[in-house]
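4 protein chains.
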Amino acid sequence: MSIVGHLINGENRTDATRHQDIFNPSTGQVSNQLAIAGKATVEEAIEAANAAFPAWRATPPAKRARVMFRFKELLEQHADKIITLIGEEHGKISHDAQGELQRGIESVEYACGAPELLKGEHSRNVGPSIDSWSEFQPLGVVAGITPFNFPAMVPLWMYPMAIVCGNTFILKPSERDPSSTLFIAQLLEEAGLPPGVLNVVNGDKEAVDTLLHSPKIQAVSFVGSTPIAEYIYATASANGKRCQALGGAKNHAIVLPDADMDNAVNQLLGAAFGSSGERCMALSVAVTVGNAAGDALVAKMKQAMTGLKVGAHNDSSNDFGPVITKQHQEKVVGYINSAEEDGAKIVVDGRNPKIAGFSEGFFVGGTLIDNVTPEMISYKEEIFGPVLQVVRVESMQEAMNLIDAHEYGNGTCVFTRDGEAARYFSDHIQVGMVGINVPLPVPVAYHSFGGWKRSLFGDLHAYGPDSVRFYTKRKTITQRWPSTGVREGAEFAFPS
Amino acid sequence: MSIVGHLINGENRTDATRHQDIFNPSTGQVSNQLAIAGKATVEEAIEAANAAFPAWRATPPAKRARVMFRFKELLEQHADKIITLIGEEHGKISHDAQGELQRGIESVEYACGAPELLKGEHSRNVGPSIDSWSEFQPLGVVAGITPFNFPAMVPLWMYPMAIVCGNTFILKPSERDPSSTLFIAQLLEEAGLPPGVLNVVNGDKEAVDTLLHSPKIQAVSFVGSTPIAEYIYATASANGKRCQALGGAKNHAIVLPDADMDNAVNQLLGAAFGSSGERCMALSVAVTVGNAAGDALVAKMKQAMTGLKVGAHNDSSNDFGPVITKQHQEKVVGYINSAEEDGAKIVVDGRNPKIAGFSEGFFVGGTLIDNVTPEMISYKEEIFGPVLQVVRVESMQEAMNLIDAHEYGNGTCVFTRDGEAARYFSDHIQVGMVGINVPLPVPVAYHSFGGWKRSLFGDLHAYGPDSVRFYTKRKTITQRWPSTGVREGAEFAFPS
Amino acid sequence: MSIVGHLINGENRTDATRHQDIFNPSTGQVSNQLAIAGKATVEEAIEAANAAFPAWRATPPAKRARVMFRFKELLEQHADKIITLIGEEHGKISHDAQGELQRGIESVEYACGAPELLKGEHSRNVGPSIDSWSEFQPLGVVAGITPFNFPAMVPLWMYPMAIVCGNTFILKPSERDPSSTLFIAQLLEEAGLPPGVLNVVNGDKEAVDTLLHSPKIQAVSFVGSTPIAEYIYATASANGKRCQALGGAKNHAIVLPDADMDNAVNQLLGAAFGSSGERCMALSVAVTVGNAAGDALVAKMKQAMTGLKVGAHNDSSNDFGPVITKQHQEKVVGYINSAEEDGAKIVVDGRNPKIAGFSEGFFVGGTLIDNVTPEMISYKEEIFGPVLQVVRVESMQEAMNLIDAHEYGNGTCVFTRDGEAARYFSDHIQVGMVGINVPLPVPVAYHSFGGWKRSLFGDLHAYGPDSVRFYTKRKTITQRWPSTGVREGAEFAFPS
Amino acid sequence: MSIVGHLINGENRTDATRHQDIFNPSTGQVSNQLAIAGKATVEEAIEAANAAFPAWRATPPAKRARVMFRFKELLEQHADKIITLIGEEHGKISHDAQGELQRGIESVEYACGAPELLKGEHSRNVGPSIDSWSEFQPLGVVAGITPFNFPAMVPLWMYPMAIVCGNTFILKPSERDPSSTLFIAQLLEEAGLPPGVLNVVNGDKEAVDTLLHSPKIQAVSFVGSTPIAEYIYATASANGKRCQALGGAKNHAIVLPDADMDNAVNQLLGAAFGSSGERCMALSVAVTVGNAAGDALVAKMKQAMTGLKVGAHNDSSNDFGPVITKQHQEKVVGYINSAEEDGAKIVVDGRNPKIAGFSEGFFVGGTLIDNVTPEMISYKEEIFGPVLQVVRVESMQEAMNLIDAHEYGNGTCVFTRDGEAARYFSDHIQVGMVGINVPLPVPVAYHSFGGWKRSLFGDLHAYGPDSVRFYTKRKTITQRWPSTGVREGAEFAFPS
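Those protein sequence lines, which keep their order, are chains A, B, C and D.
For the record, in the first sequence the residue sitting at position 293 is 293 according to full-length UniProt numbering, with numbers rising by one throughout.
For the record, in the second sequence the residue sitting at position 22 is 22 according to full-length UniProt numbering, with numbers rising by one throughout.
For the record, in the third sequence the residue sitting at position 283 is 283 according to full-length UniProt numbering, with numbers rising by one throughout.
For the record, in the fourth sequence the residue sitting at position 118 is 118 according to full-length UniProt numbering, with numbers rising by one throughout.
Any given hint could turn out to be false.
Since the list can't tell identical chains apart, any single copy or any two copies may satisfy a pair.
[Stated by the list, open to error] Think about it this way: if two alpha-carbon atoms lie no more than 30 Å apart in a straight line, the pair counts; the simulated DSSO-like pairs of lysine-lysine are:
1. K380 to K216
2. K309 to K380
3. K300 to K453
4. K309 to K453
5. K345 to K81
6. K453 to K205
7. K39 to K63
8. K39 to K300
9. K63 to K81
10. K331 to K380
11. K453 to K39
12. K453 to K63
13. K331 to K302
14. K380 to K326
15. K39 to K380
None of these hints come from the bench; they were simulated from the model.
Please read all numbers here as calculations on a predicted model, not as lab measurements.
Turn these sequences into a full structure, and let the hints guide you.
This is the structure in structure tokens:
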């Protein structure tokens with residue numbers, strides 16, 4: 001058993017005010033100890049980032065980008081180790097961890113384009129012989145706080161862009177599965193990043209609050225649950241920082257009668273149960289329009305789920321693995337129980353899966369619940385488990401009203417062949433990421449990720465073009481050179 | 001004497017919980033009464049804006065832009081009336097009010113380009129036969145809260161862009177000089193804007209707080225002083241809204257020894273005393289490098305100021321007019337007194353200007369103070385009056401350190417002929433708007449306006465390109481059409 | 001009868017080497033005389049444009065744009081006169097001329113956004129303390145040569161953008177209907193354009209060749225037939241100029257079995273017969289997939305065409321007017337005859353329309369031809385008349401192969417409800433402008449217009465974003481300021 | 001001695017109609033034989049490229065970009081071999097070849113950003129429920145014809161962008177030094193490029209004309225001398241292709257009296273003599289303003305040139321190597337002779353350099369000529385050798401007039417400290433690439449490269465943003481879905 005610590009100013013550190021167990025969710029056993037950083041350690045990291053800023057800011061963007069090119073190479077070379085680290089602490093099956101890593105690498109690829117992305121706008125002759133242009137300069141030290149469910153990908157949404165824009169960074173990862181996160185950060189050092197530009201501190205609320213209140217932290221990116229997102233957003237803002245805080249989700253798919261039902265079922269299998277449903281883009285509610293569509297979907301899904309295989313992370317024939325903790329396992333089962341008590345029909349029951357050789361693992365099997373209604377607690381809240389609920393309605397408008405009435409607005413999808421239905425849906429639905437026959441409409445790395453309503457607080461989305469604007473501040477220069485011997489008249493009026 | 005009221009749902013209204021005097025600062029007399037809206041009136045405006053939103057959102061951007069084209073025509077036709085209204089309540093001389101209006105019109109011109117500005121990004125084949133694109137959709141109802149010093153221009157920074165992006169708007173103008181603001185809003189109705197899309201409510205903190213706490217308000221733009229900006233930003237953010245809040249300033253010009261001194265003096269005259277210094281971009285501190293430059297600047301400025309003419313708004317031969325209130329006049333004089341007490345030298349004293357025929361007006365004459373030091377209260381705080389202070393230093397770096405140490409970072413300028421000095425300054429100075437021999441480096445309408453440090457809270461600047469992003473939310477659509485008869489395999493792994 | 005002449009250096013001129021009749025196509029009578037400019041007159045215009053260039057180039061873009069804002073106002077004020085002038089010389093019905101003018105105005109609206117569109121790209125620190133940026137500077141004198149079918153719109157595609165980018169312009173309009181073109185150019189002068197910036201010369205091949213060979217002409221935009229477009233492109237290029245030359249078209253609509261057939265018929269009526277089919281975007285071939293679709297389309301179209309009304313331009317109840325000349329009338333009828341001889345079926349025959357009171361007008365009635373095959377001359381060539389031909393095929397792929405095999409690739413359309421069919425079509429079809437249920441997919445003014453294959457020669461399309469790049473040349477500046485006293489080492493290696 | 005051949009459809013080939021000697025310019029000896037492809041071989045390459053197009057076009061841009069990421073890695077791994085190959089056939093010293101390769105790699109880095117660069121523009125609601133967007137689709141097979149002086153870099157300006165945009169490519173490199181070019185192309189295959197996407201054919205005019213006349217070639221990029229550029233541009237255009245053809249140069253630096261003279265001399269040493277002056281961006285004329293500046297420059301330059309070392313490519317202590325051929329050596333010496341005969345003063349004479357051990361090499365030493373005038377043949381023509389000529393004038397305007405009067409307009413530079421002089425120069429000079437104290441203002445890879453006047457034919461510049469537009473064609477889609485049961489009225493008027 002080893003101690004997972006911090007990366008501060010280029011050094012691996014294990015300072016701790018206390019330690020906390022890290023589990024292997026497949027076995028249910030403690031695998032490592034996490035060093036919990038106190039305020040002093042976090043402040044040291046902030047100091048290191050602050051000290052590293054001037055030189056990094058002055059490094060030309062093309063040279064900063066070249067570190068990202070090398071980082072991409074190293075991530076690809078060390079993919080197997082990263083996938084293993086994710087699996088051991090998160091429980092993700094290797095094909096799924098590979099997908100997560102690939103998405104993270106795509107954000108690094110996008111960061112390699114920094115010289116293009118950082119271009120300002122130049123205007124000749126805004127007035128006679130007066131020019132004006134904008135520069136997008138780095139902010140200084142910025143912080144990222146990331147969740148357990150994508151220990152590789154979500155940090156890679158943040159710091160490659162922040163750093164390539166010229167900032168220095170403090171990352172506070174999840175305390176559940178920090179090892180892959182820390183290892184990846186070490187690879188970036190190996191790629192040639194100067195010490196202090198990226199710092200990783202493991203910790204809890206004390207670490208978070210230190211970041212939120214430090215006058216040296218200019219901006220905060222957060223991904224996690226909505227209540228914490230709200231706290232982060234309000235606190236960072238009250239301290240004068242810019243902030244983007246991504247919260248929870250309850251993503252619905254509408255299944256229209258003209259949908260290719262086999263395709264829809266196949267897509268939903270992955271979208272609902274992949275990664276045990278522990279994704280903020282998991283598709284957890286299917287809204288069927290008309291009972292024929294509802295019956296067909298439930299029947300085909302029930303049949304398809306007979307092939308679903310839940311099990312330990314290290315067997316790649318499994319479709320998905322355990323959930324993150326014992327507590328979370330109980331919470332997910334509790335939601336299934338509540339649905340049953342509220343009158344929904346448990347079509348496929350994953351509450352007591354038997355996983356040979358892993359009896360202590362935190363497993364929940366794939367669960368399908370029919371006849372769910374909007375009043376049920378299992379509908380209102382985010383379950384974050386391998387549970388697909390079916391709500392039956394009579395019209396597409398009724399389905400859209402359901403989605404718009406929900407507090408979250410992260411992702412959604414419609415299954416149809418009809419161009420008009422798809423266009424009406426995508427135009428009007430109050431959700432930030434929309435799929436047309438794409439159940440997990442996660443934007444590619446060169447677009448940006450963000451939900452609406454209570455799924456995101458702030459105005460700029462994560463990664464992609466919006467992240468360039470988030471991690472830079474605009475400076476506008478206006479320039480006129482005095483011509484020799486020409487004496488200009490005073491201008492009292494407002495310049496026009 | 002008439003009552004200045006509100007514009008709600010296309011109707012002129014005078015609801016009031018109470019009334020407040022509006023003064024003509026040139027005469028010192030009460031000229032009009034302002035109707036102060038209570039919570040119910042503000043909520044009625046919000047309801048009107050909310051009801052107008054769906055139809056306005058569905059109006060094609062090109063048609064929305066055509067309303068702005070007509071608005072521009074009307075603003076030009078009614079320029080004289082607007083200038084008079086500004087002069088009567090703010091005290092601005094006509095040439096200055098004309099400049100303000102012109103700058104406001106330029107923001108309307110920019111809004112006319114909405115169809116271009118609202119384009120999303122389209123990617124063919126983000127995967128095989130999968131496309132993805134972004135749309136920048138309106139937020140809903142948004143609010144603007146604006147200051148007294150530019151009653152025409154600052155509101156025009158906000159609502160033309162917000163509205164042309166498809167939002168509906170509530171404007172809460174300054175209670176000091178609301179008449180030109182209201183008249184301009186009426187012109188936009190005349191230009192063809194549907195009722196309820198733009199609403200104006202006059203009021204005080206009750207009105208502001210109603211806006212900040214209403215769940216129907218999606219975003220808030222504010223321009224005013226820093227303490228209020230902080231309050232607005234923290235409160236709006238705590239309520240989950242996006243917010244941009246622009247605060248105070250203390251804008252320094254560095255005068256290098258190689259500067260064209262006559263040109264610098266002429267530029268500074270307008271930048272320091274124009275509009276009585278009541279501009280967030282007023283140039284209020286000159287930092288001279290080397291005593292030769294300091295002596296030359298003070299001597300030439302003193303000489304130039306003999307021609308400065310302060311007086312009533314309606315005499316266009318005046319250079320600038322009164323300050324906004326009796327209280328503010330006393331505050332400005334208090335800062336001059338404090339500088340004198342702190343040991344600075346009052347080179348030109350504007351404390352008791354005699355304005356024939358306007359003995360009750362709120363006048364302060366142009367004032368030049370030499371030998372100011374950073375410890376003085378008159379240096380630390382924003383005076384917002386016709387006062388230019390000179391600080392003498394020995395090097396450009398010392399001058400830059402002064403600027404970077406100040407809490408504000410709105411605008412700044414360097415006077416020089418030297419390319420290297422200008423580039424070093426513009427690159428490194430911690431200020432958002434930088435002039436090279438341009439003392440009021442207000443970005444043109446097709447760039448964006450914003451300071452750094454405690455001069456702006458938020459991540460997106462006012463007007464120009466940033467305002468498009470501020471007033472819209474990003475939606476990303478990912479689309480794949482199922483091909484007939486092709487049955488795709490389930491995808492459990494994360495999509496890559 | 002009056003003489004239609006030129007606009008050179010702000011003066012109306014009637015220089016002529018000879019004169020040519022202008023007809024009113026509705027009456028078949030000569031209405032005006034056109035002054036044909038010889039080489040000397042064209043060279044005078046070029047000189048005027050060349051002399052006007054330096055001052056216009058130095059005028060800030062925002063001021064240039066303001067001339068366009070005023071131009072738009074004047075176009076709207078004088079719409080009735082313009083519509084009448086178009087009708088008298090082209091034969092277009094007022095509602096159609098109004099549509100043409102509106103599209104032209106939209107290009108002027110786009111030109112009003114010049115300050116935004118002309119922004120260059122600025123990069124800080126391309127190397128240590130080295131900056132680089134691009135400017136898009138005007139070319140100098142550029143020329144436009146325009147066709148008869150849109151005497152208002154096509155010139156407005158060209159010169160507003162060319163001029164707002166800082167160029168000066170020579171327009172050589174069609175000799176058939178020059179009056180509206182000339183009148184509109186005069187309005188731009190009235191809007192405040194300095195003399196010489198826009199010049200109009202009427203003429204023939206001598207005028208065109210003078211433009212193509214003048215070393216002072218930097219670029220040529222052309223819209224007309226493909227053989228002339230090829231000549232213009234090759235000749236301008238051989239003279240070292242940049243050139244964009246738009247030629248002919250043969251636009252097909254595919255009607256799939258799932259199309260909303262009533263909608264398709266209604267759309268095709270306007271697209272095939274509007275403006276007598278004298279549009280390069282006219283929809284002249286309907287390709288039906290499956291005989292059921294073919295039968296239904298022909299039957300419904302035949303029925304719908306009973307309400308089609310052809311007649312003189314001044315009766316707004318008419319659907320369309322005469323063709324442009326007696327010769328063209330005979331040519332169109334010749335194509336109908338040839339189709340009949342080749343075995344096609346004339347379902348609706350417009351060869352001898354009786355128009356009461358206009359027996360000498362150049363009329364052809366709406367004509368529907370079924371069972372057309374690709375070998376027929378009427379299929380291969382552009383008819384440019386009110387003739388819709390139906391080709392019947394068995395599959396969508398067969399329909400697409402037909403389109404891709406045709407020499408032209410201007411516009412095309414598919415009628416369907418199916419998302420997959422639409423996406424496959426729009427992705428793969430070798431045509432530059434594609435409609436999904438939009439039979440005239442003319443891009444709006446803020447996109448760009450251009451076909452593929454032999455419908456356009458050059459790399460940049462007309463109007464919209466591409467026109468900014470066409471009418472400007474890129475200048476890239478790289479800047480490093482020497483720091484005092486620092487002596488840099490010689491660099492023999494290639495800079496990196 | 002080996003045979004340097006072709007790369008066609010992924011295979012190395014040595015087809016030849018005849019063979020031609022390749023020399024090592026340092027030794028003057030034949031080192032290899034070049035296989036000269038005839039028409040049939042070129043057509044085979046075109047067929048291969050044409051066959052590879054559909055699958056490559058359908059490959060998602062992000063996957064195409066990943067081949068470029070791997071290509072960059074391989075270029076860096078094999079840098080030493082590439083540098084050696086360049087040196088052996090071109091004569092470039094290793095530090096210079098390294099610089100060339102690095103610049104080429106930067107264009108590959110830019111190509112890695114293809115997913116971002118290929119984004120189209122999406123407009124929601126161009127009309128009610130009508131959307132429109134643009135796609136930038138590949139052209140098909142495109143060709144590049146490249147010069148001897150940058151055998152690695154100039155091809156890398158072209159095909160990485162062309163290929164990553166989805167095109168397939170035929171490269172015809174210089175016959176003087178093809179080995180590094182061919183080796184690099186093989187690395188791209190190794191990086192995973194499918195066979196046929198990139199093809200290299202070595203040849204002469206027969207190969208070039210086959211490319212220019214093939215209907216399957218959609219576009220041609222050329223870099224070389226101006227007479228050939230004109231031929232390529234006119235011929236490609238007459239065949240309906242798009243073309244960009246870059247030609248010769250005569251780049252002037254203006255040395256103002258306030259310049260940092262030591263810095264200017266150091267910069268000019270590298271810019272005039274680096275790579276033996278065989279660069280289209282070589283700085284070959286220094287224009288001094290005022291005799292003091294002239295005298296100082298010539299004196300300091302003469303002194304500095306005593307340290308200049310010319311010699312064989314494989315000794316990295318040399319500053320520059322031989323010129324490319326015996327014939328070119330004689331031509332350069334001829335220009336020096338003519339200048340002497342025309343009355344110029346040979347200050348430093350490089351006509352007979354003695355290089356120990358390389359008596360047969362094609363060497364010319366660094367040469368400085370003073371008192372050159374615009375009438376001299378050595379001033380008018382491009383020398384392309386290590387010769388710096390000094391022209392003395394009395395004013396900056398006179399210097400600028402000289403530059404503007406020259407037929408070429410590729411690059412230029414001003415040495416000054418004065419902001420106003422720099423801005424006036426960069427704004428007004430009729431040259432496409434401008435340096436402020438940067439004597440070789442080659443734009444970085446994320447800007448674009450191109451001269452003005454007779455230095456470039458076409459409208460789009462090489463590499464960077466312009467190359468994306470050059471290597472793609474715009475498609476604009478307009479989409480409306482018919483709503484169920486709604487029957488729309490016919491539209492005869494032009495749509496508005």
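Given identical chains, is K39 near K380, meaning Cα to Cα at most 30 Å, within a copy, between copies, both, or neither?
-> Neither. Shortest intra-copy (37 Å) and inter-copy (32 Å) distances fail the 30 Å Cα cut-off.
30 Å Cα cut-off: does K309 pair with K453 within a copy, between copies, both or neither?
-> neither (35 Å within a copy, 53 Å between copies)
For K453 vs K63, is the C-alpha pair at or below 30 Å within one copy, between two copies, both, or neither?
-> between (39 Å within a copy, 28 Å between copies)
Classify it for me, K39 with K300: is the Cα-Cα distance of at most 30 Å met within a copy, between copies, both or neither?
-> neither (54 Å within a copy, 55 Å between copies)
Using 30 Å as the alpha carbon limit, work out where K331 and K380 are close: within a copy, between copies, both or neither.
-> Intra 14 Å, inter 56 Å, cutoff 30 Å: intra-copy only.
If the cutoff is 30 Å on CA atoms, where do K345 and K81 land: within, between, both or neither? Let me know, please.
-> neither (42 Å within a copy, 69 Å between copies)
Intra- versus inter-subunit Cα pairing at 30 Å for K380 with K216 = Result: close only across copies, 22 Å inter versus 39 Å intra.
Could you figure out if K453 and K205 sit no more than 30 Å apart (CA to CA) within one copy, between two copies, both or neither?
-> both (25 Å within a copy, 27 Å between copies)
At 30 Å max between alpha carbons, let me know whether K39 reaches K63 within a copy, between copies, both or neither.
-> For K39 and K63, the Cα distance exceeds 30 Å both inside one copy (33 Å) and across copies (44 Å).
K63 and K81: within-copy, between-copy, both or neither at 30 Å Cα = Close inside one copy (28 Å) and across copies (24 Å); limit 30 Å.
Is it within, between, both or neither when you check K309 against K380 at 30 Å Cα-Cα?
-> Within. Shortest intra-copy distance 28 Å satisfies the 30 Å Cα cut-off; inter-copy 60 Å does not.
With 30 Å as the alpha-carbon cut-off, assign the pair K300 and K453 to within, between, both or neither.
-> neither (33 Å within a copy, 48 Å between copies)
When held up to the earlier numbered hints, the structure conflicts with 3, 4, 5, 7, 8 and 15 and fits the remainder.
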